[in-house]
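Q: Sequence:
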Amino acid sequence: MLCQLCQERVSCIKCTECGISLCSHCVKLDLYGTGCGCIGPIHMCPTCFEECWLPPGVTADSYNAF
Numbered sequence: 001m002l003c004q005l006c007q008e009r010v011s012c013i014k015c016t017e018c019g020i021s022l023c024s025h026c027v028k029l030d031l032y033g034t035g036c037g038c039i040g041p042i043h044m045c046p047t048c049f050e051e052c053w054l055p056p057g058v059t060a061d062s063y064n065a066f
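Each residue of the sequence shown is one higher than the one before, counting from 1 in our numbering.
Check before you lean on any hint, since a few could be wrong.
[What the hints assert, rightly or not] Cβ pair distances, simulated, as ranges:
1. M1 to G37: 34 to 40 Å
2. M1 to W53: 26 to 32 Å
3. E8 to Y32: 18 to 24 Å
4. G40 to C18: 14 to 20 Å
5. E8 to C38: 32 to 38 Å
6. C12 to C52: 17 to 23 Å
7. Q7 to P41: 23 to 29 Å
8. G35 to M1: 17 to 23 Å
9. G35 to L2: 34 to 40 Å
10. G19 to W53: 28 to 34 Å
11. C36 to E8: 26 to 32 Å
12. G35 to C6: 15 to 21 Å
No lab work stands behind these hints, which were simulated from the structure alone. Every residue gets a Cβ at the ideal spot worked out from N, C-alpha and C, and that includes glycine.
Turn these sequences into a full structure, and let the hints steer you where they fit.
A: This is the structure we're talking about:
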């Protein structure tokens with residue numbers, strides 16, 4: 001299956017948030033802590049990665065307008 005973002009490379013993982021298939025070049029990786037000392041990976045598409053850091057109720061388009 002091809003990456004649903006670039007349509008050029010084979011996908012290897014799915015976005016944690018929206019579920020689209022991504023290749024190793026398009027995926028954004030981050031780590032999250034659970035508060036008990038455990039750290040886990042997050043795999044996201046660029047859109048979900050940007051939006052996950054926005055305040056609640058704010059869209060990426062309106063946030064970039066400031």
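Q: It remains to establish, for every hint, whether it holds in the given structure.
A: Status of the hints after comparison with the structure:
no.	hint	result
1	M1 to G37: 34 to 40 Å	36 Å, holds
2	M1 to W53: 26 to 32 Å	28 Å, holds
3	E8 to Y32: 18 to 24 Å	29 Å, violated
4	G40 to C18: 14 to 20 Å	18 Å, holds
5	E8 to C38: 32 to 38 Å	35 Å, holds
6	C12 to C52: 17 to 23 Å	21 Å, holds
7	Q7 to P41: 23 to 29 Å	25 Å, holds
8	G35 to M1: 17 to 23 Å	35 Å, violated
9	G35 to L2: 34 to 40 Å	38 Å, holds
10	G19 to W53: 28 to 34 Å	19 Å, violated
11	C36 to E8: 26 to 32 Å	40 Å, violated
12	G35 to C6: 15 to 21 Å	35 Å, violated
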